[in-house]
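**Q** Residues per chain, in single letters:
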Amino acid sequence: MNLPVIIKFVVDLLAVLLLALGIKGLSKVKSARDANRLAAFAMSLSVVGLLSYYLGTSGIAIQSWIWIIIGSIIGSLFGAILAKKVPMTSMPETVALFNGCGGMSSLLVALGVAIFPISSGQENFDFFKSLINEVSISVSIFVGAITFTGSIVAMAKLQGWLSTPGWTQSKVRHFVNIVFAVASFIAFFDLINGNTSSIWLLVIVSSLLGIGVTLPIGGADMPVVISLLNSYSGIAAAAAGFVVDSQLLIVAGAMVGAAGLILTQVMCKGMNRSLVSVLFGGSLSAQSTALSGSGEYTNITSCSVEECALTLEAANKVIIVPGYGLAVAQAQHTLREVTKKLEQNGIEVVYAIHPVAGRMPGHMNVLLAEADVPYEQLKEMDVVNPDFPATDVVLVLGANDVVNPQAKNDSSSPLYGMPVLDVQEARTVFVIKRGMSAGYSGIKNDLFDLPNTSMVFGDAKKVLNDLIGELKDLGVGEK
Amino acid sequence: MSFISLLWVLLLGSLLGLELIGKVPPTLHTPLMSGANAISGITMLAALTLIVKAEGNVPLLIIGSVSLGFALFNVVGGFFVTDRMLAMFSRKPSNKK
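Chains as they are written, first to last, in our numbering: chain W, 17 to 495; chain Z, 712 to 808.
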């Protein structure tokens, strides 16, 4: 062993340790930010380690440096600009886009090695070794392509650039996807058998498979899919690690892959969906329109902002239930104004956060934090649910399915069994909503029919602004 | 590295990943996903290896460079965006304007 090898070994080991500590730290609120920086440091450390290894052994040609610099600058620049500019509401799309590019990178590495085999130093041809090489190239291409096209489709759907085509909700899609899958496997084995030309077939068919699998999935399930694709990009990185013989890549890829799977599982639980039904069940709204689309509302009470303000003024304890609608209306700052006024009047205000509030678990917390809502006021579902009977007023803002009592009471409902917030237990519930349209799941919300529920129709931001005005007139929050 | 030891590395890495994400508060799911996503851009090392070993093969240099660009887009963007999200949590409630 010579010095560069030892240095690289130590640096790699350190990088793995720091990455593991980084992921660990990211799971605690206090340490999360430092942990993220630690992980970023570990990544740059690994680059320095690799480059110094090559400088110390084979050297790096000027030409290589040029291409390294071009690639790094362009990639980093676009990444940094996008990360700074993107609004917090479109976080899920952004993660999907980044993730897809990670998959693309693994795909390109494998493609490059497959077309132009790199010299590995010892040229003694070993059948076993070349087989492993072929397998890891194929896996890297297969998973990388699915990650890329799947993520791009997920992003496009969340952005509203792509809708769900009708045919994807029929059984036809299973047939189409099976054809793509079978064709991928044929190309896969053909490639392993040494037929290099089938590599393009593999690229094309697995890309199509990624599209075919993601396209039918409805908006509500998309976060689960992104989390799963995130796991895939880890697997693709690990496979690329086999291709270029790097333990660091394999460890880091495997960690991300495994962690992504756990996270996916957690998300599924929060939405009461199994991974299988997310992937193969089609969009939930398509199923439910057939089931309970005929449900008509019979007992809707609507009320004015003024009444709402009067009730709020008399309350002792108020719980806010924010949903994605709030984020879309960009009303989290206005909401904060309202709650500030209430707090100044001695009213206890708490935010009830459903595990899948927003578009991704934790998304709503980010959005509220952006509006300076104190972290301590955000209560998780299990903590806040026993508090509803002792609550005077609940304000539901842009949330729908997560407050649907059907999930508890109606065993025929597609939502049945999903954990929900028991808002109907409170004395008065105000639902601020644009109209009577259904939520993500497309299911009627029984909450709206209850006698203690009043609907305040209008755009969340406008209603909240009016509410601030009414509260001001009542002298709330002005000492 | 022999293939078998690489498989061990894969196995232990996976177990580590499963173990690390035991209990995560839902608050952190989105930042965690985005942070883990940034780490999956570690393929930049593979892209670098490709470029270094290209030995003047221009098509391979280009493939490597594009791959490096995609990976760094993932890494840099991922860490920045995660930091932006987490910065909001660390803001103190007393920090009023």
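Hints are not guaranteed to be accurate.
[Unchecked claim] To be clear about the criterion: a stretch of chain W counts as covered by chain Z if any three or more of its residues have a C-beta under 8 Å from a C-beta of chain Z, and this derived list gives those stretches:
no., stretch
1, 94 to 107
2, 110 to 119
3, 216 to 228
4, 255 to 269
5, 274 to 281
6, 348 to 362
7, 464 to 477
Read the hints as simulated data drawn from the structure, not as lab findings. Ideal placement from N, C-alpha and C gives every residue a C-beta, glycine not left out.
**Q** Sort out which numbered hints this structure fails and list those numbers smallest first.
**A** 3, 6, 7
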